[in-house]
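Chain X is already provided as a structure; the job is to place chain Z on it using the hints.
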Amino acid sequence: MSGQVLVFQVLNGLGIGMIYFLLSVGLTMIFGLMRFVNFAHGALYLVAAYVAYVVSLLTGSMLWALLVGPLASALLAVAAERLLLRRTYSMPHEAQILVTFAVALIVQEVVILLFDPLAKNVPVPDFLSGIVFLGPFVYPAYRLAVVAVSAAVALLLWLALERTRFGAILRAGSESTEMVSLLGINVHRVFLGAFALGGALAGLAGALAAPLRGVEPFMGLEALGIAFVVVVVGGIGSFTGALLGGLLIGVVQSVMSSFWPEGARLMIYGAMALVLLARPAGLMGRA
Amino acid sequence: MRRRTLLGAGAGLVAAPAVLRAQGTGGRLEVAGVYSLSGTFANVGDLLNKGTQMAFEHYGSATGLRINYTLLDDQGDPGRAVRRVQEAMGQGIRHIVGCTNSAIALAVAKEVHARGGIYIHMAGADEATGSDCNRASFRWPGASFTAINATLRPFIERNPNTKRWYTITGQYVFGESLLTNLKSVLQEAGHRHLGNSYHSLSEREYSGYITAAIAAQPDVLAICNFGNQTVDVLRQAVSFGMKRNVKIVVPWSTGLDQFQAWGADICEGVYFGVNYWHGVDSPGNRVVSQVVRQKTNGPTNYLQACGWAVAQMLVEGLNKAGTAEIPAVIRALEGLSYEGPTGTETIRAEDHQVIKDYYLMLGKARSAMRDPADFADVLAATKAFQPPERTGCRMA
Numbered sequence: 130m131s132g133q134v135l136v137f138q139v140l141n142g143l144g145i146g147m148i149y150f151l152l153s154v155g156l157t158m159i160f161g162l163m164r165f166v167n168f169a170h171g172a173l174y175l176v177a178a179y180v181a182y183v184v185s186l187l188t189g190s191m192l193w194a195l196l197v198g199p200l201a202s203a204l205l206a207v208a209a210e211r212l213l214l215r216r217t218y219s220m221p222h223e224a225q226i227l228v229t230f231a232v233a234l235i236v237q238e239v240v241i242l243l244f245d246p247l248a249k250n251v252p253v254p255d256f257l258s259g260i261v262f263l264g265p266f267v268y269p270a271y272r273l274a275v276v277a278v279s280a281a282v283a284l285l286l287w288l289a290l291e292r293t294r295f296g297a298i299l300r301a302g303s304e305s306t307e308m309v310s311l312l313g314i315n316v317h318r319v320f321l322g323a324f325a326l327g328g329a330l331a332g333l334a335g336a337l338a339a340p341l342r343g344v345e346p347f348m349g350l351e352a353l354g355i356a357f358v359v360v361v362v363g364g365i366g367s368f369t370g371a372l373l374g375g376l377l378i379g380v381v382q383s384v385m386s387s388f389w390p391e392g393a394r395l396m397i398y399g400a401m402a403l404v405l406l407a408r409p410a411g412l413m414g415r416a
Numbered sequence: 058m059r060r061r062t063l064l065g066a067g068a069g070l071v072a073a074p075a076v077l078r079a080q081g082t083g084g085r086l087e088v089a090g091v092y093s094l095s096g097t098f099a100n101v102g103d104l105l106n107k108g109t110q111m112a113f114e115h116y117g118s119a120t121g122l123r124i125n126y127t128l129l130d131d132q133g134d135p136g137r138a139v140r141r142v143q144e145a146m147g148q149g150i151r152h153i154v155g156c157t158n159s160a161i162a163l164a165v166a167k168e169v170h171a172r173g174g175i176y177i178h179m180a181g182a183d184e185a186t187g188s189d190c191n192r193a194s195f196r197w198p199g200a201s202f203t204a205i206n207a208t209l210r211p212f213i214e215r216n217p218n219t220k221r222w223y224t225i226t227g228q229y230v231f232g233e234s235l236l237t238n239l240k241s242v243l244q245e246a247g248h249r250h251l252g253n254s255y256h257s258l259s260e261r262e263y264s265g266y267i268t269a270a271i272a273a274q275p276d277v278l279a280i281c282n283f284g285n286q287t288v289d290v291l292r293q294a295v296s297f298g299m300k301r302n303v304k305i306v307v308p309w310s311t312g313l314d315q316f317q318a319w320g321a322d323i324c325e326g327v328y329f330g331v332n333y334w335h336g337v338d339s340p341g342n343r344v345v346s347q348v349v350r351q352k353t354n355g356p357t358n359y360l361q362a363c364g365w366a367v368a369q370m371l372v373e374g375l376n377k378a379g380t381a382e383i384p385a386v387i388r389a390l391e392g393l394s395y396e397g398p399t400g401t402e403t404i405r406a407e408d409h410q411v412i413k414d415y416y417l418m419l420g421k422a423r424s425a426m427r428d429p430a431d432f433a434d435v436l437a438a439t440k441a442f443q444p445p446e447r448t449g450c451r452m453a
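Those protein sequences? They're chains X and Z, same order as listed. Just add 129 to wherever you are in the first sequence, counting from 1, and you've got our numbering. Just add 57 to wherever you are in the second sequence, counting from 1, and you've got our numbering.
So that you can see chain Z by itself, here it is in the shape it has in the complex:
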């Protein structure tokens, strides 16, 4: 036997237990979550991680394997996220969930695909199940196309005379994605896009942008961003009296946690697009709500639900596949329908996008709130997704 062959076989024998342990023999399955516990989106990352943790604790096991969940803190940086994932996959972990923003998800998705893993995430940029799709990645929430179409179209139906739009947009992948889709819908509807103010991801002072928006005299102000910056823009826009004669639309809101950050006075009369609402009655949502209420004594917010949803998808796929082997889990997930946090959710095989409801909500007056979490009413629930042939996804 050649020396190299002998050495290689010996190395394989030594490494095999670690790899097998990571893959799920020995009764345990190692799963990693990629979330930011510091940086601009840290408040988002913490709650997403908690949602995922709660889900894995609730399910406990999948396909007969006990799930052992590890957090990879990417500190809000895509480069760091990729390095952490590389380290984890080098130790044999193949099942990865989560992301705090689209830039991180797109970077991690490429890495996980290249290394033969599976990755289930919650990125908002269209590219994740579009031009940057791959066989290893699955996405739970509706993306920017869904957010804009499920928000703007019913909004325009209800407000046919609001034809002049101004936008304030975070200048990064997701913000651009929202803006591109918004312009497309406005063009189709015959509305005018008067102008846009980009801002950097580190911005906190928006009075200048709001002044520019007011000067354009729009009928509608749309805020194309997510996270703390959306909170700041809306708060400052309302403080400048924009609600007096301008309708404000936030196509991508994380719902309850942001409503609580704003308070009812700011939310009143503002239109929000949300991927999840705790008030929706569905079998899957009842499970999530019960677990979250037991742990936190409060209603479920979007971040917790989102973190839960990606974990649930993995568990559903593992159980259907009957094994932790990646190709089998991927096949099991494609076309799978299950009861998720927003009702019956189906994973589209062509682009690995979950087809689910997206809600248009309208903030209500403080006096109309039935309980402290009843900030808004659901006006519409829409499954608005691009046909797979138009997403640009070529599954490799």
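Isolated chain X (complex conformation):
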């Protein structure tokens, strides 16, 4: 593999990593704040992807799809939290996993009932359907746009976490929910807000991914696997960790597809194992 190809694979990996960050940051936020293992996170990604498919089919506009998709996921997250998930907060993690996994499977089967199990195409917006030349290499314009949106969201999220009252409460809550509650803050409302935000972020990832990957009913569970790897690698509950973890996993996957193509997928988990050996709490996790 030439040096040029290696450099491009690294750049490509950073692009993939930004998408993985968007997919994972909501999950890590929810777990960091609430110590809640949300296996329904992939279902939020799936729902937004299908909403994006329907909206783009009806309106021909990907912009509307990007607005409505995450909103739908946020609403689903809020509804699930209010009606079901808050009853499991005091239960052991195993129970939370069972309940949220059941929600994920129900959502998947409902999607199959409504749309059938075959993959569907979501066209890339015309103005982003071309390619961009990066030296001797080409890169899809849409992927570049996705990377740019992910970077913008990362910046906005960081600003929200660091510069707003809500962000301060989230950060404090991830340290000690009891203390936040003692300060007179309605913790349940904070949890609801976190769920909505996490759902919206997963939904944005799903809506953005739809033109890249198409939509099919099993994409939620597949995305969940990657999301958990990124969260574990980055450190549970860490925004920066989700970003670094996503970028690391993206780069490993992309570079290995040239060095060892058949093992590229395996090396995602290999990288996770190596990180955990060196830093058991993840790159930015607290021990």
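Keep in mind the hints are simulated off the structure, nothing from the lab. Please note: incorrect hints may appear among the correct ones.
[What the hints assert, rightly or not] SDA-like cross-link-like pairs, simulated, lysine to any residue; straight-line CA separation at most 20 Å:
| no. | chain 1 | residue 1 | chain 2 | residue 2 |
| --- | --- | --- | --- | --- |
| 1 | Z | K300 | X | F256 |
| 2 | Z | K240 | Z | E214 |
| 3 | Z | K300 | X | E238 |
| 4 | Z | K300 | X | G259 |
| 5 | Z | K440 | Z | T380 |
| 6 | Z | K107 | X | E238 |
| 7 | X | K249 | Z | D322 |
| 8 | Z | K377 | Z | D338 |
| 9 | Z | K304 | Z | A422 |
| 10 | Z | K352 | Z | A430 |
[What the hints assert, rightly or not] If you want the footprint, here are the derived chain Z segments under chain X, 3+ residues with CB under 8 Å:
| no. | stretch |
| --- | --- |
| 11 | 255-262 |
| 12 | 293-299 |
Glycine included, C-beta positions come from ideal geometry on N, C-alpha and C.
Using the frame of chain X, we list chain Z on its own:
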């Protein structure tokens, strides 16, 4: 009379009704279909199963016996498929159809053969009617040898200047089979195989492999896989602009359902190899198309046709044999010709492979589509099968 003999006879008398019911006296024949309703190939399994169901409902009966069809969901796992088949055969079912992928078919074929059943499937790996053939198993679609030869040879004839090939291959039995056959054809044609990127069956992100392919500067990119992964690879390859200066060949495509998943813009200018096309006018295809349209209000896709085809083969064999007894049905199927979904189809006795057409198609522009299902034109229809003595099949 010895005690053991008496006990054995008594057990036989008790079990006989169940066995006889399963085999087809009492007016009913139990048939099982092995398909995946979950896992990587679940979307494939569901439609295959529906095709089989539609066929059995249409035929209703064979050799005077009403067909009762049961689905065995293997969840995409060969081990689970074998266990489900063992359970079914333990309950007396002997007539089995279907598979979602080659790994499942090869495992189930061995089991059905060992237990004295008959198995008609749609595996794509050459081994199924090659080194792993057996008397109990029959295969409908053309396999990887057929797919490659019926696709690449007419493609090379039409594109004589495209001599540098790169492949992206799913690393499993069927992908390997496609790749091996592809390399053989390229060697014979004097073309260069620049390189190959394997990927795992759980892969969804192909940008790295596509980058490697672009760096090799091929004339042709061939995608050696099937199912959702083929859909993803082609979509991502097109998004990277590969159609600008590279011809893309998909030797094994399931046709209409994948074309719909891609859309016309991605399909345009891409070469596809397919086992079935709804637009082919033949007596057998008219029957399939009519039934499917009545049920679904749409054209027939490959998966439905494939599911139909294996069921039809069983019915044709039963009717010719005049009995549900396995050895008689097997003999009836060997050499049988009938009107199938692709026209006149013949079951070769030496390896139990159905000899049928395989199509090379070229995706057309959206503006050239005559109806919403008219994604591609048939460029060639070829019966490309290895001579039986070269398949490696030694029928036991």
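Against the structure, the hints come out as follows:
no. : hint            : result
1   : Z/K300 / X/F256 : 18 Å, holds
2   : Z/K240 / Z/E214 : 17 Å, holds
3   : Z/K300 / X/E238 : 36 Å, violated
4   : Z/K300 / X/G259 : 12 Å, holds
5   : Z/K440 / Z/T380 : 31 Å, violated
6   : Z/K107 / X/E238 : 17 Å, holds
7   : X/K249 / Z/D322 : 14 Å, holds
8   : Z/K377 / Z/D338 : 25 Å, violated
9   : Z/K304 / Z/A422 : 15 Å, holds
10  : Z/K352 / Z/A430 : 17 Å, holds
11  : 255-262         : holds (count 7)
12  : 293-299         : holds (count 4)
This entry does not satisfy hints 3, 5, 8, going by the numbered hints stated previously.
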